[in-house]
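Next come the chains, spelled out residue by residue.
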Amino acid sequence: MTQEPGITVCGLRKRYGRVEALSGVDFTLPHGGVALLVGPNGAGKTSLLKVLMDILPYEAGSVAVLGLDPARDGARIRAAAGFLPEEIQFPFGRLRVHEVLSLHSRYRPGWDAAYAKALADTLELRHDRRWATLSKGESRRVQLACALAHRPSLLLLDEPTDGLDPIGRERVLGLLAEHLAETGATTIYCTHVLHEAQGLADRLIVLGKGRVRLDEDVELLRRTHHRVRFSVRDGAPPPAPFLLREESGGASERRWVVRAGASEIQEWAIAAEVSIIEITPVSLGDTALAYLASSAPPSELEAVGSNVSSASESHHV
Amino acid sequence: MSDQTVSRHLPPPAPGFRGLVGIHARLLVKDAQAGTAVLAVACVALPLAALLTPFPSEPADVASAISGPMRLQMLMSMMVMLTVGLAFLWPEAVWKGLGPGERAVLDSFPVTRRNHRMARVVAGGFLPLALTTAYLGSATILRVRGWGDVMPGMTSAYPDLAGWSAPTAVLVLLTAYLLSSSLALRFGKVFVPLLVIGTGVYLVPASLLLAGKEEWIEAIARSAVEWTWSPFRLFSIMFSGGPSDVLPALFWMTALAALTIHLAGRHGKV
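Residue numbers (the working numbering), protein chains in the order written: chain S, 1 to 317; chain G, 1001 to 1270.
Calculated directly from the structure, the hints in this document are not laboratory data. Treat each hint with caution, since some may be false.
Derived PhoX-like pairs: lysine-lysine, alpha-carbon spacing no greater than 25 Å straight-line [unchecked claim]:
id	chain 1	residue 1	chain 2	residue 2
1	S	Lys136	S	Lys117
2	S	Lys117	G	Lys1030
3	G	Lys1096	G	Lys1189
4	S	Lys136	G	Lys1096
5	G	Lys1189	G	Lys1030
6	G	Lys1096	G	Lys1030
7	G	Lys1030	S	Lys136
Please work from the sequences and hints to get the whole structure.
Quick look at the structure:
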């Protein structure tokens, strides 16, 4: 991964009539970086991917994909991209699977027929079936083969495992891991199922209400975010500057997701006179949830635990 | 590697416009629905029926009281109506089923949006042109065989059908096709906008005339259709197809072609 920006988005705004889908999105993904893009339904993930592909226009801000402006060089960006849309519809439903692959190959000078065949075999595509008769999972697998077979240097994947059975998911994730290792493609991977793709990513971007609520390196997130279980003797604990989310606990126990290292948490516990039961790392999914559940604006979230030091181990007290 | 270097190593967009037209022409055939097949059959059957009708030696059909020439005239007129109707409605089939999901797929291909959509418009235009060719071919054969008398139309009240000579037929059909294509590109559908326009053009003035009986309204409505450069005239029975009608037809066809090209480049409904 080089440090040159693969994707740079600055102050991006996108409206659908009166509804603002993206209200000032900012992030930078280095060339070769792999970002997980998460957020609730309607957060603007799909809109963002479509703006990057110049499938949708945008009202304000600036976007650069592989150094190109989608509004001017959309076709060149799409030539370099493997795009897996959220939808499984295909405009030509009567085409058979092999004809769908053949159609894509005509558009892609870099189409690798041998790789396409290997993908088709791995994904167990049934070449003689018409698109309109495919199940959701089968359609997804065909789409994935079409998106990867030209060995794109940019991957924009919108829920790539949606509709797949567990074995299919594993195969697809394995294929993606191989593809990323081979091509070093700059990738945005949209998903609601974080745990299945977290091994692929080096960056987590959380989108909520059209804005970036978190954009951080995955390793750093793992080191700086913890779940704290502590017991409370008398009343509520004092406020902590690093609290992101309070999870359900009990009468005598509290569970917090915090942005803090273990030492900061322990210092706070001594000062606050609370008894810590356990400090454990938080999964990426729970981290994302903590940022999404918070009602604080993104600027305040950035300030939470901003002077945190890293500590990766779990602490049992 | 700098940003500029990254963009320089991107693959070029492919294929070119002609290649795209070829792809979409094949797709329209492969993805054809039953309706298209019916039209294709009609495209061959109607002129064939017109040509095979025994004329002029066959005696009048007593049972139906329709003579051979009359049948021939009717078939040719049906051919005209079918062709015009098809030119108007065919873009609905060309752009059928292109909802947001399908649109995203189509727009994700590595070619410019304008080229891609215009390629489909051009590929879709082959069928109306084939129908026109079939009609004109039939008409030419009829004339060559000395049966050109049937061409002036169903009755002497509609001499305009006589004007369906090669250039004007192509112009009117292409204009109709481009009008509907631009509606498809702008609204994602053809039939409803066409109905609205048709209602506005014909029913509203007609209702006004009937309700008010005002002379000045009648004058406006009449001039809207009779004026040589009026777009309404192009698709009405007033269109004679004579030399004076060619230039306006050419003008409107060019204007609609420009509109279609403009709309094809926009992020839009299709």
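Hinted pair Lys1030(G) and Lys136(S), Cα distance within 25 Å: Status holds; Cα separation ~23 Å.
Pairwise hint evaluation, Lys117(S) against Lys136(S), where the allowed Cα distance is 25 Å at most: holds, 21 Å
Does Lys1030(G) lie within 25 Å of Lys1096(G) when you go C-alpha to C-alpha? Roughly 14 Å separates the two Cα atoms, so the pair holds.
Pair hint outcome, Lys1189(G) versus Lys1030(G) [Cα-Cα no greater than 25 Å]: holds, 22 Å
Restraint status (C-alpha distance of Lys1096(G) to Lys1189(G) at most 25 Å): holds, 8 Å
Next pair to validate is Lys117(S) with Lys1030(G); report whether the Cα-Cα distance is within 25 Å. holds, 23 Å
Agreement of Lys136(S) and Lys1096(G) with the hint, judged by alpha carbon distance not exceeding 25 Å: It holds: about 21 Å lies between the C-alpha atoms, which stays within 25 Å.
This entry satisfies every hint, going by the numbered hints stated previously.
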